[in-house]
Every structure is written in structure tokens, then in C-alpha cells.
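Visitor: Taken in order, these protein sequences are the chains called E and F. Using my numbering, the first residue of the first sequence is number 67, and each one after it goes up by one. Using my numbering, the first residue of the second sequence is number -13, and each one after it goes up by one.
None of these hints come from the bench; they were simulated from the model. Please read these numbers as outputs of a predicted model, since none were measured by experiment. Glycine residues also receive a C-beta, built at the ideal position from the N, C-alpha and C atoms. Hints are supplied without guarantee of correctness; some may be wrong.
Stated by the list, open to error - A few chain E residues that don't get close to chain F, going by computed Cβ distances all over 12 angstroms: (1) Ala84; (2) Asp129; (3) Ser216; (4) Val225.
Stated by the list, open to error - Taking CB as the label site, the calculated pair distances span: (5) Gly222/E to Asp50/F: 56 to 66 angstroms; (6) Leu160/E to Asp236/F: 50 to 60 angstroms; (7) Gly48/F to Arg202/E: 26 to 36 angstroms; (8) Thr119/E to Asp443/F: 31 to 41 angstroms; (9) Asn88/E to Gly394/F: 16 to 26 angstroms; (10) Glu431/F to Leu160/E: 40 to 50 angstroms; (11) Pro105/F to Arg202/E: 22 to 32 angstroms; (12) Asp50/F to Leu160/E: 39 to 49 angstroms.
To be verified - Some chain E residues flagged as far from chain F (calculated, every beta-carbon gap over 10 angstroms): (13) Arg85; (14) Ala90; (15) Pro95; (16) Asp127; (17) Ala220; (18) Ser236.
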Amino acid sequence: MPTRVSDCCETHREHYPAREPNLAQSQDPDEQYQVGQSEGLFEFVFPPIDGITFGAPPSSDTDIHDCDRSKYLWVVALTTLPVALEHLTNGMALKRGRLTHTNLTGGVDAHTAGELWFRDSRTVMINGASSRYTPRSPDELLSVAQAIKSATEAAGYGVVVASLGWDEGSNKPLRVQTEKLTWV
Amino acid sequence: MGLENIEELDLIFGPESKGTTPQERARSSSRIFVRSQVQLAENSPEATGRRLSAWEALETFGLDKLREVFEYSSAILSCTAEEPAQTLHNRREDLGLSVKNVAKVTGLNEDDVENAENPKTLTSIHIIEKIARALALDEGTISLTPGANGDPKLAMRLRTLESTHRSSELVSQLCEAAWVSGKQYELFKWLYSSPPVALTAKGFEPNSNYGNAEYPAWKQGYWLARQARKILGVSEEQPIKCMRELIEDDLEIPLVQTVFPETIAGATIANGSVRGITVNTKGHNHNVWVRRMTLAHELGHLLYDPDENLKKLLVDQYSDLEQAPWGQTDYVEQRANAFAVDFLAPQKATIEVFKSVVDCSGGLRKVMDTFGLSYTSARFHIWNGLDRKISLDDLVVDNWETTDEWSGRESFAIDYFKPDSVPISKRGRFACLVVQSMAANLLTEESAAAYLGCSVDDYRSNIDVIRGICGISDEIS
């Protein structure tokens, strides 16, 4: 029986309350359309589901497009932790051409969101890049990485987990790999 | 990426911003962005990076990057994992400067400079910008563009300066002057939505005639001086009241007054397509009549030397400038010397003024007072104008000092500038453009202070003094 990462997020949910998504930048009505399993959504579990796309976060703007192909979105939702590839592979037509975090929640309240790469079957790397449910602090982002790590331990499935960390200069989660990358 | 719909412009620049184009919206936007070494985001009080106006962010990073900020909560700026470390390291090496040199000129410690050149290290953007400015790079595009728009030809010229001139101190000062000139040009374009009018459009065409055996270069210098006065609408009898204003305001040429090593008088310097003049305020130029000669000499180079002679850098020593035009063996310098003296004091008018006083000393001093001409220049100019029929030994004065009126006009913008923490090189027209740009919502207060090289507190508490010096009224600003 796979271990749900969401089940290891209760402390996170207590510390970092759910909030409405920031929809200030929402342009298209279908950004709040709830995608389903047939559209690539799955619950984040360990051992990981079959058919994962492997890849790594970018180190700069130059390799961002290559990295986008293997980029998953994650959301610590109220009771789940849904994950989906940002760029849909099933041909579903969204106006913006890719998923946004509110497509993982249907636009309802959630705690925290970001991006994720499975570098290989035993390595997970996350960041907090989300305009809808942006991590409010470095600790909030680290807390999610720790919850993922706890889930791997509960599953008895050895995985290393990294957070790309926080950029004090812009006061935002880092979107590129730097010296701030933290293995938990 | 298609955009520019109203909703998107509202999102990026705020609904209170006005206009239909991104540029119009940015000019009226109250939105502030903040950048680090690697990312750009919307401002928040906790961010430690550099705060930028919507205009600065749009002009520097482009609309797609601003859109990315709102889609992902931040935009990635670093174009490769090696930037900006590689650019900073290569540029320093290209200029022939050591880490210690850069640390000294920026006031940073050597570890800061080394860390900034290490691609594995994240460095404060404030430190990176300081280093970039010291290396005559465009600090705005650092990380984003390899090379950060640094002019490679300038670096080559500075590296290969004649050994008699070259010192790390001088290279650093010329880099600073090049940065100020380039930034001044950019601020002008931002403020007036177009670059300064080209000198050729004003009627100044490069002139490749440096004379020959029958027609020496100094005669051509005199001729060019007369042409320049005609173009500027200044009669033969009229003194040039203020060289600084003529260069900065009338001709819109960046002028950087700075402190060079004692022997250097001034230089013309090209940074990319921007040509500027830089002049030493120390040494003999402390006397503003000597400084006026230096300025006129550099102006002669800049107005009339073709590119192949102007190159990217032309450094003049006092020893070159203080010779009589015909005594200078380098024909480029000979022409510029002659241009300078005849531009400041047309020969015919000079002789008339000289002859209006009975004694030679009185006549000489009157020429100096009338045209704001240095003692050495006035002596040779009068002697030559009289076909050397009087003895040079008769052309002497006891008092070489300038009058307060002349000194005040030429030095006002730097002597009375506040705050004191702003280096001399950033006073004058550059400072005025900075203040105007901030008043026009094009720069944040933080950018304005960073450009001037002072703290935000210093800038804030002295802004009225700067406005007064620049003659900027509250209404205009």
C-alpha cells in the first residue's frame, strides 16, 4: 500500500493555514477547471506511481524550456497532495497551454504549492514557484520538503529530497539550482 | 507571447497606471520590483535586493520577464549558471585589474569580489552592481546578458594604455567615467524619449585635415574653432562664459569631472556609441582657466577627430596641453591645442583686447579676464597673434589666479554639491538627470542613490540642494 505524502503534512497544515488562491493574475476561466486522473493528475505517494517523467530543475534561464518538459506542479491541498505534469501530455486544450496550480485544486483554498522534479526514482527536488499559493516563508517551503522526506521514510522507500531554497534578494522561493539547494 | 491586452497591462503595471502601451503604463506605474542576482519579483518589505521602478524593470528586462513574475511569482534572470561570475571575472582580467584593485575602488573587501566571480556563490546584488559599475558594465543587464553590454574595445584600450599613463588607479577612474557617460546617455533617452541630438545633426562633421608642410595643423585648428563658434552662434568677440554648460547643456555631451593622477589633464572616452569628455579637477586644472583649456582641447578632439584618431580613448597630459600649438609635434594634439585656444579666445579679438591696455602685463591680464584664458595659453596666443614681434619675456603677470566669477561658473555644480558622499565624477549634469529621472517616476529612490554612489538617507536629505543646483523646480519635477 503506497504511503500518501499528504498524510505526512498535518503539522505543515497546522502551521501554514489554507488560503484562497491569489487570482489577481488569472486570465482565463479554465484556470480554475479541476483536472482529473485522466488528465494526468495523481496523488503524490511513495513508492512513486509508474510512468514518472524524470528530469531536473533549471540552473538558469537557458535550460528552463528543457526542464519544463519534466516539471510537475504540486499543491498541499486541504486533504490531498495532488501532482501533475505542468505541460499536459494528453492533448487537453487549456487556453494558456499548460496547467496552473488552481487546476490541481479547482480554485479552492489550499496551503502551499510549487514545482517538483523526479531527478530519478530515488531523488525528488522541489521549489515553491507558484503565484497562486506561494510559500509565505523559507520555513514553509522547507516544511513541505521535510514532509515529503517523512513520507519516504514511512514508506520504507529510500529517497533523497531537496528544496531549491529561498532567495532573500527577491524574497521568493528560488526557481533555479544554486548554492541554496538544501537536501533534507 | 501575445499580450498587451488591458487586463494584462493592469496586472503588470497596476490598474492605476495610464496608457495603452507597456511604456506608457510603466511611466505612470507605482509598482516596484525587486531583483537579486538570479531573480526578479514584485517588491516586498522583506526583500534585500535592489528595488526598481516599473520603468527600469521594463526597459532592462522586457515585458516577457515582467509577465513571468506574475505567472510564477518570480522571473529567472540568470542566462547561464556561470553568470554573472564569468562576466565580472573576464572583464576584470580584460582591464588588467587585480581583485585587490577592484576591492579598493569599490570599497568592498577582496572576499566579496572573489565571491562575486565564483559561479557557485550567490552574492548580494548590491555588491554585484558596485563591481559592475566599477568595470564600466551595465549593471542592469548583469546576469541577464553575457558581457553585460560592456564595450570590449574600451577594455582593450584601457588595458593597452601607454605605460607612461597606465596605473590601476587611472584605469579604474576612466572606467567610472565611461560608466557615468553611458548611464547619462541612457537617462537622457529615458527622460526625453530620444537620444541627445547627434553632433553631426548640429553641424559638426569629423574633419580629417591635419595640415601639411605648407599648412600646419594648428592653422586648421584655428579654422575649426571659427567654424565651431559659427555653428554655436557665438561671435568672435564673445567670451565662452562657461565651458561646462556649453558641453553639457548646449552640446549634450557627457562631461565627467573627476580626480585623476596629477599629470593627467583630461581624456575623451567612448563607451559603446557614447562619446564623453572627462577632466581632472586636480593638478593644474584646479585653476579653472587651465581647466577651460583642457575642456576646449578635449572638445576639439571630440567634435572633429574622425573615429580612427579618436579611437576609444585619448588621454592628455598637462605637458601636452601647455605647449604652444606650433610646439606640439603630434599633429592631432597640435590641432586640438590650436582649436582650444582660438575657440576660447579668437585671435583677432584677443589682440584687440590686448591692445586696449597700454602695458603688456595689463593687456595680458585683460585677455585672461575677458576670455577666461589660462596664463600660459594667453601668452602664446598674444605673442603669435602679434607675429612674435614683441618679446615673450614682456608677456608676464604677477597674478595668474582666476576671478571668483569665472571659478563660480565653471565649478558651481561640483563645489556646492551635497551630499559630500557623492564623488565629484557623479556631480553636475549626471546628478541632475538622476534627480529628474526619479521625479519622472523612472527611477526608484534606491536606484537614484546607487547611481550617485551615496546612501538613500544622504540622497533623501539633500535632494533639495541638488534640485537647487540643477535649477529643477518642484513644478517641473
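Visitor: For each hint, tell me whether it holds in the structure or not.
Guide: A quick look at each hint next to the structure:
Distance to chain F confirms Ala84/E as a non-interface residue, since its nearest Cβ pair spans about 18 angstroms, more than 12 angstroms. Against chain F, the non-interface label of Asp129/E is violated: not every CB pair exceeds 12 angstroms, the least being about 8 angstroms. At roughly 26 angstroms, the least C-beta separation between Ser216/E and chain F is larger than 12 angstroms, which holds for a residue marked as non-interface. The claim that Val225/E is not at the interface with chain F holds, since no C-beta of that chain comes within 12 angstroms of its own (minimum 25 angstroms).
Range check, Gly222/E to Asp50/F: Cβ separation about 45 angstroms, and the 56 to 66 angstroms hint is violated. Between Leu160/E and Asp236/F the CB atoms are about 59 angstroms apart, so this pair conforms to the stated range of 50 to 60 angstroms. Gly48/F and Arg202/E have their C-beta atoms about 29 angstroms apart, which keeps the hinted 26 to 36 angstroms range intact. The hinted range of 31 to 41 angstroms is not satisfied by Thr119/E and Asp443/F, whose Cβ atoms lie roughly 52 angstroms apart.
Our hint of 16 to 26 angstroms for Asn88/E and Gly394/F is violated, since their Cβ atoms are close to 57 angstroms apart. In this structure the supplied range 40 to 50 angstroms holds for Glu431/F paired with Leu160/E, their Cβ-Cβ distance being about 42 angstroms. At about 30 angstroms, the CB distance of Pro105/F to Arg202/E agrees with the hint of 22 to 32 angstroms. Between Asp50/F and Leu160/E the beta carbons are some 20 angstroms apart, a value that contradicts the proposed interval 39 to 49 angstroms.
No beta-carbon of chain F is positioned within 10 angstroms of the beta-carbon of Arg85/E; the least distance is around 14 angstroms. Here Ala90/E does not stay apart from chain F, with its beta-carbon only about 7 angstroms from theirs, under the 10 angstroms limit. Distance to chain F confirms Pro95/E as a non-interface residue, since its nearest Cβ pair spans about 13 angstroms, more than 10 angstroms. Not every CB of chain F lies more than 10 angstroms from the CB of Asp127/E, the least distance being 5 angstroms, so the non-interface label is violated.
At roughly 30 angstroms from the closest C-beta of chain F, the C-beta of Ala220/E stays outside 10 angstroms, upholding its exclusion from the interface. Its closest Cβ contact with chain F, about 4 angstroms, brings Ser236/E to no more than 10 angstroms, contrary to its assignment away from the interface.
Hint compliance for this structure: hints 2, 5, 8, 9, 12, 14, 16 and 18 are not met, and every other hint is.
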